[in-house]
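If you're matching them up, the sequences are chains A and B in order. The first sequence begins at 7 in my numbering and counts up one residue at a time. The second sequence begins at -11 in my numbering and counts up one residue at a time.
Don't take each hint at face value.
[Claimed, not checked] One-sided and incomplete, this derived list gives chain A residues near chain B with beta-carbon spacing under 7 Å:
#, residue
1, TYR33
2, LYS35
3, ASP37
4, ASN39
5, ASN66
6, LEU86
7, THR131
8, GLY132
9, LEU134
10, ILE138
These aren't lab readings, by the way, just hints derived from the structure by calculation. We put the beta carbon where it would ideally sit given N, CA and C, even for glycine.
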Amino acid sequence: MKGKKFKIILGFLLVAIVSLAISIYYYNKPDVNVVKTDAAYVLTAKNLIEEYQADETSTNKKYTEKVIQVNGMVHEITTLKGNSVITIRNADQESSIICHMLPNQRQKALQLVKGQKISVKGVCTGYLLDVIMVRCILVE
Amino acid sequence: MKGFYFILISAFLAQNLNAQDKYLTKEGFISFFSHSIVEDIKADNNQVLSVLDTQTGKIAIQLLMRSFMFKKTLMREHFNENYVESYKYPKATFSGEIKNFDELNEEQTETEIIGILTVHGKEKEISTKVIVNVSESEIILTGDFKVDIADFNIKIPAIVANNIAKTIKVSFELHHKPYK
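One chain only, chain A, in its complex shape (with noise of 0.2 Å):
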C-alpha cells in the first residue's frame, strides 16, 4: 500500500515540475533571433513599398512579424539612444525603410556611407509614412 500510495505522489510531482518547468520557458521565450532565422521574403526597398503603398492591410498581413531581407541603397545614417538607424531609400521613391539595428551592429552601420547598396534583415513592425523594421543586422 505505502509503495502505491508513493507512486502517486511520486507521479504528481512530476507532472507538476513539467507543467512549471514548461510555463517558466513560455513566460521567458526568447525573441526571434534575428541572425540564425532565414528571411521570410528577400525584396528591394523599391517593391516592399510599392507593395505597401498599392494595398497596406495585405501587405501588413504578408510582412509584419516576420523576418524579412531588404536590399538597398543608403540613405541616411543616424543614432538613436547608442542604436544606430539606417533609412534606406530609393532615388525616385519619397518613403523609406527605417532600420532600428541591433546594438551590435552600430560598429558596421557606422562604416557605411550614402548610396551603399547594402542588405539588412529585420522584423518588420508595418507601414506609416515609411516602412519600419526593427532588431535589423547587416547581411553581407
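Given the coordinates of chain A, work out where chain B should sit on it, guided by the hints.
Just chain B now, kept in the frame of chain A:
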C-alpha cells in the same frame, strides 16, 4: 478610419510645403506602464511619427502597435494578438492641438494638449499637460497621462486580470525637427 488619417497626415505635410512651419519626427518616444501587485509591465516605442504645425499648434501622431518593445516576448505576443488585436488595428493615432502655441516663446513652458486618441479602433478625447521646449533646431514635447483600458474596449481575461492595471500610464517625448 485609416484612410482618413492617411489623408490627414498627407494634407498636413502637403500644406505650404515651402513655409517653414512644419516640424516632424519619425523617432518619437512613447511608452506605457502598467503597475499591478503581480507584475509591472512596461513597453517602449521609439518609432513614433509626429507632425506639428507651428502656425496653428495642431499635431498629428501615429504609431505602430507592433513597434512596442516589452521585456518579455510573451507579453508582446499577448499584447498584439489578444488585447489590442494589432492584425485588425495596427496603428494608434492622436490628432489634436496644443493650446496657446503661438504664445510659447520661452525655453520651457507648460501648457495643455487636447485631442482624440484612437486605440483598438476606439476614440477617446484626451486632455493633458505638456511641456513644450522650443529651441532653434528642435521643438520637444514631453508629458504623461493616464488612460483606462476599458475606454478602448480592450478585454483582459479574468485569469490575468490581476497582472494588468485598469489604468495605464502613457509617457511621451517627441523631438520634432524642421520638415525639409
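Cross-check of the supplied hints:
1. TYR33: holds (6 Å)
2. LYS35: Nearest chain B Cβ about 5 Å off; hint holds.
3. ASP37: Holds: closest Cβ of chain B sits about 5 Å from ASP37(A), inside 7 Å.
4. ASN39: violated (11 Å)
5. ASN66: holds (6 Å)
6. LEU86: It holds, given that the least Cβ distance between LEU86(A) and chain B is near 5 Å, below 7 Å.
7. THR131: Given a least distance of 4 Å, the restraint on THR131(A) holds.
8. GLY132: holds (4 Å)
9. LEU134: holds (4 Å)
10. ILE138: Cβ of ILE138(A) sits 5 Å from chain B, so the hint holds.
The structure shown violates just one earlier hint, number 4.
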